[in-house]
Amino acid sequence: MATSPLHPGPEEIAARQVVMALCADASRDDLDAALQALAAPNAEDLRPPETGLVMATGRIGGDGRPFNLGEVSVTRAAIRLPDGATGFAYHLGRDRTKARLAATLDALWQDPARRARVEAALRSAAEKAEAARRQAARRTAATRVEFLTVARGED
Amino acid sequence: MYVAVKGGEAAIDNAHRLLAEARRGDPAVPELTVAQIREQMALLVDRVMAEGSLYDPDLAALALKQARGDVVEAVFLVRAYRTTLPRFGASAPVDTGAMAVARRVSATFKDLPGGQVLGPTFDYTHRLIDFALAAEGAVEPAAEAEPRDDAGTCPRVTDLLAQDGLIEPSPPDDGAPVGDLTREPVDYPADRALRLQALARGDEGFVLGLGYSTQRGYGRTHPFVGEIRVGEVAVTFVPEELGFPVPLGRIRLTECQMVNQFKGSGAAPPQFTRGYGLTFGQSERKAMAMALVDRALRAEELGEPVASPAQDQEFVLAHCDSLQATGFVEHLKLPHYVDFQAELELVRRLRAEFFRDSDSMQEAAE
Numbered sequence: 001m002a003t004s005p006l007h008p009g010p011e012e013i014a015a016r017q018v019v020m021a022l023c024a025d026a027s028r029d030d031l032d033a034a035l036q037a038l039a040a041p042n043a044e045d046l047r048p049p050e051t052g053l054v055m056a057t058g059r060i061g062g063d064g065r066p067f068n069l070g071e072v073s074v075t076r077a078a079i080r081l082p083d084g085a086t087g088f089a090y091h092l093g094r095d096r097t098k099a100r101l102a103a104t105l106d107a108l109w110q111d112p113a114r115r116a117r118v119e120a121a122l123r124s125a126a127e128k129a130e131a132a133r134r135q136a137a138r139r140t141a142a143t144r145v146e147f148l149t150v151a152r153g154e155d
Numbered sequence: 156m157y158v159a160v161k162g163g164e165a166a167i168d169n170a171h172r173l174l175a176e177a178r179r180g181d182p183a184v185p186e187l188t189v190a191q192i193r194e195q196m197a198l199l200v201d202r203v204m205a206e207g208s209l210y211d212p213d214l215a216a217l218a219l220k221q222a223r224g225d226v227v228e229a230v231f232l233v234r235a236y237r238t239t240l241p242r243f244g245a246s247a248p249v250d251t252g253a254m255a256v257a258r259r260v261s262a263t264f265k266d267l268p269g270g271q272v273l274g275p276t277f278d279y280t281h282r283l284i285d286f287a288l289a290a291e292g293a294v295e296p297a298a299e300a301e302p303r304d305d306a307g308t309c310p311r312v313t314d315l316l317a318q319d320g321l322i323e324p325s326p327p328d329d330g331a332p333v334g335d336l337t338r339e340p341v342d343y344p345a346d347r348a349l350r351l352q353a354l355a356r357g358d359e360g361f362v363l364g365l366g367y368s369t370q371r372g373y374g375r376t377h378p379f380v381g382e383i384r385v386g387e388v389a390v391t392f393v394p395e396e397l398g399f400p401v402p403l404g405r406i407r408l409t410e411c412q413m414v415n416q417f418k419g420s421g422a423a424p425p426q427f428t429r430g431y432g433l434t435f436g437q438s439e440r441k442a443m444a445m446a447l448v449d450r451a452l453r454a455e456e457l458g459e460p461v462a463s464p465a466q467d468q469e470f471v472l473a474h475c476d477s478l479q480a481t482g483f484v485e486h487l488k489l490p491h492y493v494d495f496q497a498e499l500e501l502v503r504r505l506r507a508e509f510f511r512d513s514d515s516m517q518e519a520a521e
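In order, the protein sequences belong to chains A and B.
Going left to right, the first sequence walks through residues 1 to 155 as the working numbering numbers them.
Going left to right, the second sequence walks through residues 156 to 521 as the working numbering numbers them.
Among these hints, one or two may not hold up.
Keeping only pairs whose Cα atoms sit at most 20 Å apart, straight-line, the calculated SDA-like set for lysine to any residue is [what the hints assert, rightly or not]:
# : chain 1 : residue 1 : chain 2 : residue 2
1 : B       : 220       : A       : 144
2 : B       : 265       : A       : 144
3 : B       : 265       : A       : 128
4 : A       : 128       : B       : 301
5 : B       : 220       : B       : 184
6 : B       : 220       : B       : 176
7 : B       : 220       : B       : 195
Just so you know, the hints here were simulated from the structure itself, not pulled from any lab data.
All of these numbers come straight from a predicted model, not from anything done at the bench.
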């Protein structure tokens, strides 16, 4: 099936999820800087940014029946650009400004003509997140236990 | 006659002003910021998130500041805040198998794919007060090493045991609706999902004490720590208007897989059984205690005698919530003047009757 803005294909959705995850992990300042660089038009609220709850679920034994672990605070925003494009964001936490910035980036990204520029504007945030992940992994790796087998007695 | 009592308004106002000053402490000492609490009292923040049943580190840190560090009071503030918010829905179940592991240890297998990584732990410290911390100073940067090729893949220890059928499988996801004790009062018997929800938000001290009691013989379960892992997992949610899972961000969790002994029956070959613990933040003690109590509460399901407090789900679930417990205990300090007046009159009357009866008995004897 051809991909259109109304009926995005699975690859399109996966790519959009990557950008959404990047925005969720980024700081408000990072998103603000990205939008500044894009000289984005003013967005109007489809729905005013709102903070609410999502019940986080886990699975019994890690892989079994779901259970309710506890709630997470989530802030959502939905905007429309002057050209009619709509964008959405759902983020952990209570930062309405950040959610609105991410919703605007989401709307811009969905336009194939603007996609590359949006991704370029987010590149420094992506690199920062990747560097932090790599450093955390390196620090964790330094605490990995190397077991030594000590032979005892006669064989 | 019922006499309503009013008053104390000025005293209450002034008490709250005094509380604000007491909260601030000595003004000559710099005031704590919420960010400082979040970053430097991180495990306390984690505990408030777990028992407040709301993952929001900044909010938990603010609640701790307002509560002067009182955990249960901070939990109260967080729980009260959540009642003001709408619920957007439920997340997809988090995949702890895909956790970005910051710590992972097993007491059952030395060599594991993905390895054993200690992460930031108090284990193996000498528990000697470090007076150097009393002085402010820079911290030596953490060591770094190139992650090994298998570092990204940490299969659960229980999955390794399950390959050979040595451990019972997890209860399968049958798509049935999941009970939520924040929406519906708990009906007994409560299923395992509901019990885990209650334990996840239960008081750490209470759950720890119950877990300990199973080790001391009150509902013994022969536990081994199959695995403990701490790290971040992605949380996703499917909003109606989008229809696909939206990544909300990542949360830190602690998971404990307890491996417990089980005798086989004529019908079933011997297999290990499981106890499971999962909590917000980094809290191994809580996750381990939760896994012990989860297993103990399965006594009836596994055909074991139910004889100890940790195996009695009504006892455990009705008493593990710190907010409910403190509410009922602490309400005793509120005015009970009318109740007590009634008791007082009753006791006076009974005493009067007692003395009248004993007087008349004495007269009769004389």
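Status of each hint after checking the structure:
1. B:220 x A:144: Measuring from Cα to Cα gives roughly 36 Å; hence the hint is violated.
2. B:265 x A:144: 12 Å, holds
3. B:265 x A:128: 35 Å, violated
4. A:128 x B:301: OK: residue 128 (chain A) and residue 301 (chain B) at ~19 Å, within 20 Å.
5. B:220 x B:184: 15 Å, holds
6. B:220 x B:176: 13 Å, holds
7. B:220 x B:195: 13 Å, holds
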